[in-house]
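Asker: Take 1 as the starting number for the sequence shown in our numbering and just add one per residue.
Just to be clear, a hint being listed does not mean it is correct.
Simulated crosslink set (EDC-like; lysine to aspartate or glutamate; CA at most 16 Å straight-line) [claimed, not checked]:
| # | residue 1 | residue 2 |
| --- | --- | --- |
| 1 | K119 | D72 |
| 2 | K112 | D72 |
| 3 | K118 | D63 |
| 4 | K155 | E43 |
Hints are computed from structural coordinates only; laboratory data are not their basis. Just so you know, these numbers come straight off a predicted model, no measurement behind them.
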Amino acid sequence: MKEKNKKTYFLKQNNGLLTAGSIDNFNTMTIGWCHYGYVFGLETIIVYVRKSRYTFDFISKNDYFTVSFYGDEHKEDLGYLGTKSGRDEDKVAKTSLTPVKYFDSVSFKEAKATFYLKKIYQGEIFEDQLSSPVKEKYFVEGNNHYLFIGQVIEK
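Can you make the complete structure from the sequences, with help from the hints?
Answerer: Below, the structure is given as structure tokens:
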């Protein structure tokens, strides 16, 4: 698969994980939304995380994070990681995924593709800035999404 096609192929799938922290202290969550493109002239991926998510603490406090993609054989693992909180248990231990140090962050050995990202921006998405249909479908009062722009360092 050509490099550009590989990137866009994985970004279109719903088999992604956002992971932040160090190999000794990290959390991961499934992502349904992300964008690949160019911001400020840099190759970037944008991810969205609610403040209530445990991963929010990790991505907020760390300069680097990963976005990784998996084959359908890991859908059950990703489903588990998306419905359980790392606050409550070592949820990764209950999956077939193997965490690995990935530069200054963490990915998983089973990933088909991993993007290593340097956080260049984070900001809150405010209710009064959303259109009505989006607000009605996705806004939960007091639990706004934040967007994180990561510069692609390694892919």
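Asker: If a hint holds in the structure, say so; if it does not, say that too.
Answerer: Outcome of the hint check:
This hinted pair does not check out: K119 and D72 have alpha carbons roughly 28 Å apart, beyond 16 Å. For a cut-off of 16 Å, the pair hint linking K112 to D72 stands: about 11 Å separates their Cα positions. Taking the CA atoms of K118 and D63, the gap is about 6 Å. The hint holds against a cut of 16 Å. At most 16 Å may separate the alpha-carbon atoms for a hinted pair to count; K155 and E43 meet this at roughly 11 Å.
Figure legend: structure checked against the earlier numbered hints; the only hint not met is number 1.
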